Amino acid sequence: MDKKFVPLISRILLGHIFLIAGIEKVFNIDGTQAYMASKGMPFTLLFLLAAIAFEAGGGLSLILGYKARWGALALVLFLIPTTLIFHTNFAEPMQQAMFMKNLAIMGGLLMIASYGPGKLSLDGRKGHPTKTQPA
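Reading the sequence shown from the start, the letters are residues 0 to 134 in numbering that gives the first Met the number 0.
If you're looking for bench data, these hints aren't it; they were derived computationally from the structure. Heads up, a few of these hints could be off.
[Stated by the list, open to error] Once the Cα atoms are required to be at most 20 Å apart in a straight line, the calculated DMTMM-like pairs of lysine to aspartate or glutamate come out as:
| # | residue 1 | residue 2 |
| --- | --- | --- |
| 1 | Lys-118 | Asp-1 |
| 2 | Lys-38 | Glu-91 |
| 3 | Lys-100 | Glu-23 |
[What the hints assert, rightly or not] The following label-pair restraints were derived from C-beta to C-beta distances:
| # | residue 1 | residue 2 | range |
| --- | --- | --- | --- |
| 4 | Arg-124 | Ile-16 | 21 to 31 Å |
| 5 | Gln-94 | Arg-124 | 19 to 29 Å |
| 6 | Asp-29 | Phe-4 | 22 to 32 Å |
Remember, it's a predicted structure, so these values are computed and weren't measured experimentally. The C-beta atom is built at its ideal place from N, Cα and C for all residues, glycine as well.
Please work from the sequences and hints to get the whole structure.
What follows is the structure in structure tokens.
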């Protein structure tokens with residue numbers, strides 16, 4: 000596989016998870032708010048709108064490769080409290096799996112934050128002032 004395609008594919012796979020999650024929340028406001036409240040969260044609408052912005056915005060940032068380092072860092076910062084609030088009941092195997100999945104996703108996001116989005120990205124286009132590492 001040509002190395003220039005690996006960062007593109009990685010960004011699409013990671014970004015897709017967040018973009019779809021953000022869109023699903025838009026179409027399930029009441030259900031998502033109820034789930035958040037069941038975990039003891041206050042101000043559920045405020046936090047839900049923030050989650051939608053982080054997920055949809057961060058997902059698009061990754062997919063397009065536009066400000067992808069910042070998008071990846073924002074998603075890591077979003078995932079830390081999300082993981083700790085919603086996925087620490089290790090008595091439930093699914094929650095333990097979700098916790099581990101989020102750690103793995105954070106690893107991928109940190110790779111993008113560290114090495115950039117690659118050449119096949121808006122950030123990597125010729126003449127763009129943002130540094131990108133070799134793909």
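Status of the hints after comparison with the structure:
1. Lys-118 to Asp-1: 12 Å, holds
2. Lys-38 to Glu-91: The hint holds at about 15 Å.
3. Lys-100 to Glu-23: 19 Å, holds
4. Arg-124 to Ile-16: 21 to 31 Å: Holds: the Cβ-Cβ distance is about 25 Å, inside 21 to 31 Å.
5. Gln-94 to Arg-124: 19 to 29 Å: 41 Å, violated
6. Asp-29 to Phe-4: 22 to 32 Å: Violated: the Cβ-Cβ distance is about 41 Å, outside 22 to 32 Å.
Hint compliance for this structure: hints 5 and 6 are broken, all remaining hints hold.
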